[in-house]
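These are the residues of each chain, in order.
There are 2 protein chains.
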Amino acid sequence: MSVPQFSTRIMNTSGNVIREVLKLAEQSHIISFAGGFPSPNSFPVTQVNEIINELLQKSGPEILQYGSSEGFPAFREYLAAWLTGQGITATPDEVLITSGAQQVIDYMAKAFLNPGDGVIVENPTYLAALNVFKSYEAEIIPINGDANGVNLVELEKAAASGKAKMVYLVPTFANPTGVTTPVESRKKIVEILDKYGLIMLEDDPYSRLRYSGNPLPAVKSFDKTGNVVYTSSFSKLISPGMRVGYVTARHDILRKLVLGKQCTDVHTNNIGQRVVFEFCRRGILEPHIEKIIAQYKKQRDLMLDMCKQHLPAETTWNVPEGGLFLWLTLPGGINTTDLLPIAIEREKVAFIPGKPFFADGSGENSMRLNFSNASPEGIAEGMKRLGGVIKEILKNK
Amino acid sequence: MSVPQFSTRIMNTSGNVIREVLKLAEQSHIISFAGGFPSPNSFPVTQVNEIINELLQKSGPEILQYGSSEGFPAFREYLAAWLTGQGITATPDEVLITSGAQQVIDYMAKAFLNPGDGVIVENPTYLAALNVFKSYEAEIIPINGDANGVNLVELEKAAASGKAKMVYLVPTFANPTGVTTPVESRKKIVEILDKYGLIMLEDDPYSRLRYSGNPLPAVKSFDKTGNVVYTSSFSKLISPGMRVGYVTARHDILRKLVLGKQCTDVHTNNIGQRVVFEFCRRGILEPHIEKIIAQYKKQRDLMLDMCKQHLPAETTWNVPEGGLFLWLTLPGGINTTDLLPIAIEREKVAFIPGKPFFADGSGENSMRLNFSNASPEGIAEGMKRLGGVIKEILKNK
Chain A
1 MSVPQFSTRI MNTSGNVIRE VLKLAEQSHI ISFAGGFPSP NSFPVTQVNE IINELLQKSG
61 PEILQYGSSE GFPAFREYLA AWLTGQGITA TPDEVLITSG AQQVIDYMAK AFLNPGDGVI
121 VENPTYLAAL NVFKSYEAEI IPINGDANGV NLVELEKAAA SGKAKMVYLV PTFANPTGVT
181 TPVESRKKIV EILDKYGLIM LEDDPYSRLR YSGNPLPAVK SFDKTGNVVY TSSFSKLISP
241 GMRVGYVTAR HDILRKLVLG KQCTDVHTNN IGQRVVFEFC RRGILEPHIE KIIAQYKKQR
301 DLMLDMCKQH LPAETTWNVP EGGLFLWLTL PGGINTTDLL PIAIEREKVA FIPGKPFFAD
361 GSGENSMRLN FSNASPEGIA EGMKRLGGVI KEILKNK
Chain B
1001 MSVPQFSTRI MNTSGNVIRE VLKLAEQSHI ISFAGGFPSP NSFPVTQVNE IINELLQKSG
1061 PEILQYGSSE GFPAFREYLA AWLTGQGITA TPDEVLITSG AQQVIDYMAK AFLNPGDGVI
1121 VENPTYLAAL NVFKSYEAEI IPINGDANGV NLVELEKAAA SGKAKMVYLV PTFANPTGVT
1181 TPVESRKKIV EILDKYGLIM LEDDPYSRLR YSGNPLPAVK SFDKTGNVVY TSSFSKLISP
1241 GMRVGYVTAR HDILRKLVLG KQCTDVHTNN IGQRVVFEFC RRGILEPHIE KIIAQYKKQR
1301 DLMLDMCKQH LPAETTWNVP EGGLFLWLTL PGGINTTDLL PIAIEREKVA FIPGKPFFAD
1361 GSGENSMRLN FSNASPEGIA EGMKRLGGVI KEILKNK
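Here the protein sequences line up with chains A and B, keeping their order. Numbering-wise, the first sequence is residues 1 to 397 according to my numbering. Numbering-wise, the second sequence is residues 1001 to 1397 according to my numbering.
Isolated chain A, as found in the complex (with noise of 0.2 Å):
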């Protein structure tokens, strides 16, 4: 007997290399700066309560039954009038409503990913992108960028070469560098995409989530021939464990898009959409936003704050202007992979070393940390104790 044989694309797939690592920051004692949580005491519990009553009493067989693959009409229509009203001109027929933003990395992937054809991301990206594209087996263009975002003379270089069919960008407080692509890039990325032909998804969980600035208009917004998809997350602003998101794109896309939705979980459960829209609806997801702002920007501010007063002299980071997280860069040749497990085991606090989110294998020294999981006294408990194994490292070296 012969033992069947895993696929290439699964061989090809890393889990999260620091996942069993991070298995240990679940535990309450750790103070973790990891993951891309939302506040726990964040969540709209007796909102999301009271709407699931409602509609249970009023349309219980409904929504415990099938609901189709494209997603709840009224909820298609919503979105597809607000997206309008933001510049991103949507019918309803557009829009597919999924099992969060990352199914549609994967749903993309599959439509339009054969084995080698290139995908430009930025140089570092999101690392479950990464994955997702590794699994397809596509070959990864990574480009540098800078407080500027994506570096567009690369962006068009990388265009130019012939080897990329797609571009994954996450331009606004970008995971993790927390860097925002400005209005003129934005432009100039729709005019590369359409002068070589790429396809490009834009992915956006945090542009909602912004504490200082002004808002920017979607890449998508610029789109005049349908190259740019694009995707957000309900997972931030309501609830991650509802899986609730959605993507909008040209009619023909879609309907590959659907095609994905159809083979994989058929349709995103009811009652997580259901409550999503009653949100929207009912107006009260906006005051929601706002109260979930001025608890982030604090906590925003007081990690910075922390930065400045724990870690060592030389080292870096972002003041981002939205979104989740700081993004470090370490002194002195500190490896951050190394340095995980002694933050965790020793000091009681966990981080997301840098090197996964780069695709061509650097960013040793960077560290990604999460300000709005952790309490107020948890980011300066944290901090001075991640400040103090940092400095008794450099200290050694």
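Keep in mind the hints are simulated off the structure, nothing from the lab. Only a predicted model underlies this, so the values are computations on that prediction, with no experimental measurement involved. Heads up, some of the hints might be wrong.
[Said to hold, decoys possible] Straight-line C-alpha distance at most 30 Å; calculated DSSO-like pairs for lysine-lysine:
no. : chain 1 : residue 1 : chain 2 : residue 2
1   : A       : K395      : A       : K348
2   : A       : K134      : B       : K1256
3   : B       : K1297     : A       : K58
4   : A       : K291      : B       : K1355
5   : B       : K1308     : B       : K1355
We have chain A already, so just place chain B on it with the hints.
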């Protein structure tokens, strides 16, 4: 500018060809025997609502937060113990909670199938599984069956050909034929898998819905090597709208399926998982299953009576011991794909033509009828109308 091309994979994936016609069947004045929908009056709305209230009051922030990709730990433990009690030995680490069982077909294809790899399926089989395998550019190897399930000589011949890597079967109350594979054949299937080193996905969404005869052990219960992967779902037992299923597999395989989960919807929605777990844990599920079995048995028997009463004499159908479907073969060269729009538009009654279930493109004179969704009155009236239009077409041929 060139236009980005879709992947070979997605161009290979047909949507449900009869989808547009069936959208008409969703209108309320249509009597639908088409989908595999549970009865709308079977849903335990009040119990679901009470459980959600308790859960949100007790553990609201935990439920609205991200969960682990593997699923809620206590639910995995419960399922492992329950499966072990059913002869399917499993540890909690060998169980993954999924967004329905359809998703497991996708994850298995992702984990095992390179383009061109062969998948042995029954002819006919579940049409959405065929779509998944096509979306992975697999070679579908259809083998015939009869009232005893898959033909074992054909299965061994296909296995021996060296072209196949995976076997996909619905051994209990197969979709669409309703056929159940006997115990001796189940043992023989495992022998063939082990002899030729094939992996098998046992898709088992219907086995708990048994109206007559005795329960059979799963194919997986005879598996000593871990080459059989077993999936089931709570869609037909509690609610499809909550999207909760599960898979159990040998640990190395399960880890690959978890990678699939991480790359797609990250984890199954928490409310659905927790409600289903409470149904299991509190002993609500078993009496609920007894209740829907009593209802569906009556509906099956009524539909069988109506077949006798209204269908032309040469029509044949199965008498399924469980599940949700009757499978009909019509006389006189009637093409059921052509019949469908006439049945819907003129007679306001819907079914699924048999052809899409056949990987070899045959089955033009067959159809699948669902008996769980329509009311008894609907079954009586719909079958009368369906029999009438079939007889009329036969007369005019």
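Structure-inconsistent hints, enumerated in ascending order:
4
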